[in-house]
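Based on the provided sequences and hints, a complete structural model is requested.
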Amino acid sequence: MEFQKLPPVKEQIMKCVRCGKCRSVCPVFEQIRNETAAPRGHVFMVGMLRDGVVEPQPEVYEKLANCLLCETCSVNCPSGIDIHELNAAARSYIYDKNPSAGKELIFDTMWTRPGLLRTTTMLMGGVQKLGLQTFARNVGLTKILPGDMPKAEKIMTNVPTRSARKQIPKFNRAKGDKKYTVGYFLGCGTDLFNPEIAKSTVDMLTRFGCDVIIPKDMKCCGMPHIANGKMDTARRLMAHNIKIFNSYNLDYIVSDCASCTSALAHKNTEFLLGGLKIEDEAKLFSDKIMDLTRFMVEVLDVKMPEKNVTRKTRVTYHDPCHLANAQGIKEAPRELLKRIPEVDFVEMPGANTCCGGSGTYSLTHYDLSMKILDKKMDRAMSTGAAKLATCCPSCTMQLKYGTERCHWDCEVVHPIVLANRSCQQALIKK
Amino acid sequence: MDKAAIKNELVKMLGRDKVLTEDLDLMYYSYDSSFLTKLEPANPTAVVMPRSTEDVANIMRLAFENDIPVIPRGAGTGETGGCIALRGGIVLDLSTWDEIIDIDAANMQVLVRPGVIHAKLNEELAKYNLFFPPDPGSSQMCTIGGMVANNASGLRAVKYGTTEQYILGLEVVLANGDVITTGGMKARCIKNVSGLNLTKLMVGSEGVLGVVTRVRLRCWPKPRARGIAMAVFDNLDEAPAAVLDVYQAGVLPSGIEILDSSAINAVNGFKPQINLPQAEAILLFEVDGNPPGVEFEGNIIKEVVGKRARTIEWSTDPKRMAELWEGRSITATAAARVKADGSRVFAGEDISVPLSKVADTLRQIRALGDKYGIKVVNYGHIGDGNVHTAPVINPENPEEVDRVLQLVDEIHRLAVELEGTTTGEHGVGAVRRQYAELEHGLAVKYMQGVKDAFDAKGIMNPGKLF
Chain A
983 MEFQKLPPVK EQIMKCVRCG KCRSVCPVFE QIRNETAAPR GHVFMVGMLR
1033 DGVVEPQPEV YEKLANCLLC ETCSVNCPSG IDIHELNAAA RSYIYDKNPS
1083 AGKELIFDTM WTRPGLLRTT TMLMGGVQKL GLQTFARNVG LTKILPGDMP
1133 KAEKIMTNVP TRSARKQIPK FNRAKGDKKY TVGYFLGCGT DLFNPEIAKS
1183 TVDMLTRFGC DVIIPKDMKC CGMPHIANGK MDTARRLMAH NIKIFNSYNL
1233 DYIVSDCASC TSALAHKNTE FLLGGLKIED EAKLFSDKIM DLTRFMVEVL
1283 DVKMPEKNVT RKTRVTYHDP CHLANAQGIK EAPRELLKRI PEVDFVEMPG
1333 ANTCCGGSGT YSLTHYDLSM KILDKKMDRA MSTGAAKLAT CCPSCTMQLK
1383 YGTERCHWDC EVVHPIVLAN RSCQQALIKK
Chain B
463 MDKAAIKNEL VKMLGRDKVL TEDLDLMYYS YDSSFLTKLE PANPTAVVMP
513 RSTEDVANIM RLAFENDIPV IPRGAGTGET GGCIALRGGI VLDLSTWDEI
563 IDIDAANMQV LVRPGVIHAK LNEELAKYNL FFPPDPGSSQ MCTIGGMVAN
613 NASGLRAVKY GTTEQYILGL EVVLANGDVI TTGGMKARCI KNVSGLNLTK
663 LMVGSEGVLG VVTRVRLRCW PKPRARGIAM AVFDNLDEAP AAVLDVYQAG
713 VLPSGIEILD SSAINAVNGF KPQINLPQAE AILLFEVDGN PPGVEFEGNI
763 IKEVVGKRAR TIEWSTDPKR MAELWEGRSI TATAAARVKA DGSRVFAGED
813 ISVPLSKVAD TLRQIRALGD KYGIKVVNYG HIGDGNVHTA PVINPENPEE
863 VDRVLQLVDE IHRLAVELEG TTTGEHGVGA VRRQYAELEH GLAVKYMQGV
913 KDAFDAKGIM NPGKLF
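So the protein sequences, as listed, match chains A and B.
Residue numbers for the first sequence follow our numbering, so the first one is 983 and each next one is one higher.
Residue numbers for the second sequence follow our numbering, so the first one is 463 and each next one is one higher.
Hint data in this document are derived by calculation from the structure and do not stem from the laboratory.
Remember, predicted model here, so these are calculated numbers, not experimental data.
Be careful, since some hints might not be right.
[Said to hold, decoys possible] The following label-pair restraints were derived from C-beta to C-beta distances:
| hint | chain 1 | residue 1 | chain 2 | residue 2 | range |
| --- | --- | --- | --- | --- | --- |
| 1 | B | V655 | A | R1296 | 25 to 31 Å |
| 2 | A | S1364 | B | N737 | 37 to 43 Å |
| 3 | A | T1163 | B | P860 | 54 to 60 Å |
| 4 | B | A905 | A | E993 | 43 to 49 Å |
| 5 | B | D479 | A | N1058 | 41 to 47 Å |
| 6 | A | P1040 | B | A588 | 41 to 47 Å |
| 7 | A | P1331 | B | D864 | 57 to 63 Å |
| 8 | B | V473 | A | P1081 | 33 to 39 Å |
| 9 | A | E993 | B | T558 | 30 to 36 Å |
| 10 | A | E993 | B | D699 | 37 to 43 Å |
[What the hints assert, rightly or not] Simulated coverage check for chain B against chain A, where a stretch passes if three residues somewhere in it have a Cβ under 8 Å from a Cβ of chain A:
| hint | region |
| --- | --- |
| 11 | 536–550 |
| 12 | 554–561 |
| 13 | 600–610 |
| 14 | 788–802 |
| 15 | 853–864 |
Glycine is no exception: its CB is placed at the ideal position from the N, C-alpha and C atoms.
Now the structure itself:
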């Protein structure tokens, strides 16, 4: 759909009264402190683009892209403006007029082909294992990477050499009485960087009575594409995933990844596909989408095995923006953690402030991302926790890097992994 | 000196990271929260972010020598275009200069730089059981410098007054680069009648006399308890009468807010679960102080207001207080949503009238809304007669814009006619200066004389205030 006719662009820009509330909550603005980084400034600039006052030039893209799309502004906007949608739509509008070969390669050629993406990532893992990444860094080879990548490549540490998909079958039968048939949307971040989360997810779902299907042909949720001005590609990916998942008779579609569920949830499908023919199918699909922790707590109402734990582990929780802001899910992950007998849950101050990761933001805006991360780590460390739980692979990667930067001996972990470990230990004891 | 040379000079003076000169960057400084800048955004020539008095003095000298307008700006949350470079010039973005220099708890005062955010200041003061009482709705984002420039207040002004009552002294950089201290170079005293009161002159001067670079604020002990009463009225006239009854019973609440039927409908339309009772008006009284005092005054309000109201409920339970206050807290947001393709317009939004004329004012505004076919939501600080009017239009429809501009002009004139003023707390800026003659008559000439004494070349925030 034409940029000017997109519903948020058409209907929402005029609602901004520039009250500045967004200035008080935006993590990027907090660092930059001038109006060019204020979310209301982004709304203003999208309006200028729409009206043709400014041309869709790369420098405008740069301004708009200095935003985490964390949605903190949107949830706090008194006028109810989806500022992140306006921003994403404008990025795409500008990108379409100024395409780049590098982005086409990454987001169209690689990130739309799970096999190719997997092979590339696994190669990266191999390179790390052989010590070649350290070698390349030491001899300055990484400096040839574009933008902030030479600094940011350090964030991608310990890439596994085997993806989750290579380790988990497509169909996983429920243990005991079957309650639901569940589609597992195995996102790229979990598949490639956190296979333990995927294994724990499947273990827990089957243990509590779910048949779990991981469709072989599913592709990326499209969130990285939305953030990088590739909305058309995101639409194509969305249409593909809808077709694939709708071909199964599923009760629910769950994902451990906050960004995936946020990208696939009704609000976003409406944003991406609103008005197109696929709308009804999209609704059928997005109505089934549910965050994994919410599914475990609200649908399955899992009861963890009872045990006497003499020494509990202190665990704190970081709210991924795509879960807390985009979907309003704050209680379920905490509740799941609290049900684990080994967990002594402690809230951190500012748990729902962004960690600065935001998918590719930490790679494109490394220095700012680190400032936001450092603030987050101060808050997390103040809890004295031994484990830092979160529900997003991008946050996980960023926070892991944060613990390394701070020399903090703390495991960054998905609640489902802790829940699964607790269940497994209970089985061993029996 | 041409634009490029000015920009180079500023970069040389402050460093590249404190100066914006690219056209694209400058566009972000073409607006504040006013309707005026939605219609007519205006770009500055440069934006600077000074972090010392010396920086500001140097900028002023450069501007003075070259006749360049200088426009101080805080968080840009004002509703009058007060921080906009209408005729080009250098915008001083003071919002990054946010140092709390000294909390002097022993003397109940604090010394700050202009960019300190109001809410953050009160967070810090709370550690000493102190607070800075003026309480604007924009507390989370507005700066102390902006509050000083506009003599801001808010919903607790009825008891605590406005910003000016809390300013003990200021450091001000004048147009020619001179740096003066008002209230005495060394004075930390609370009472001070020495010399002409330049502090009061500067507060509310909206940047037309100088740039405020340091503020000494008086703080008050933080109240320990709070209570809220909600009273529902079938007759609009009973609401201001009930307010007067409360005053005459010897009670000065910390806030008295009104929602008229337009606001009640807006709140219920936006969030039906709040379910405010249908009425001509709802009043909310807030009382603060020590617990026994709060309870005592709450009982008086209940008794006195109960004689006029259909119902009245009093609570000191935090959960219930939040519920009672919820309707008021979302009114501004709800107003913006009474029209599907509409937006709330910040114009004609801040008139202030005598308490005895509030009911009449609300009725007349409603009639004006009908006359121009524009939905108007009314709420505000009835305790001091400050009415917030929220016209809601589609700002991208030129015909609606034309109508709303006529409407707000009539609202401003109505306020003056009813022995009130065009602005109670938001300021004049660029949007209300046309009423200066109407409001002040010959006094405008002397205001200009005062300005000339401080700013002979007229470079300080031109086109504002009068």
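So, going through the hints one by one against the coordinates:
Range check, V655/B to R1296/A: about 59 Å between beta-carbon atoms, so the 25 to 31 Å window is missed. Taking 37 to 43 Å as the suggested C-beta distance range, the pair S1364/A and N737/B conforms, at roughly 41 Å. Here the CB-CB span from T1163/A to P860/B is close to 56 Å, well matched to the stated 54 to 60 Å. For the pair A905/B and E993/A, the beta carbons lie near 46 Å from each other, so the given range of 43 to 49 Å is met.
The given range of 41 to 47 Å is broken by D479/B and N1058/A, whose C-beta atoms sit roughly 28 Å from each other. A hinted range of 41 to 47 Å for the beta carbons of P1040/A and A588/B is consistent with their spacing of about 46 Å. For the pair P1331/A and D864/B, the supplied restraint of 57 to 63 Å is violated, since their beta-carbon distance comes to about 50 Å. Range check, V473/B to P1081/A: Cβ separation about 34 Å, and the 33 to 39 Å hint holds.
Roughly 34 Å separates the CB atoms of E993/A and T558/B, a value that falls within the hinted 30 to 36 Å. For E993/A paired with D699/B, a C-beta distance near 40 Å keeps the hint of 37 to 43 Å intact. Judged by the Cβ-Cβ criterion of 8 Å, the region 536–550 of chain B is covered by chain A as claimed, because 3 of its residues qualify and three suffice. With 3 residues carrying a beta carbon less than 8 Å from a beta carbon of chain A, the region 554–561 of chain B meets the three-residue requirement, and the given coverage holds.
For the region 600–610 of chain B, the stated coverage by chain A is satisfied: 4 residues place a CB nearer than 8 Å to a CB of that chain, which reaches the threshold of 3. Here's how the region 788–802 of chain B fares: 4 of its residues keep a CB closer than 8 Å to some CB of chain A, so the rule of at least three is met and the hint holds. Counting residues of the region 853–864 of chain B whose beta-carbon sits less than 8 Å from any beta-carbon of chain A gives 3, enough to reach three: the coverage restraint holds.
The earlier numbered hints that this structure contradicts are 1, 5 and 7.
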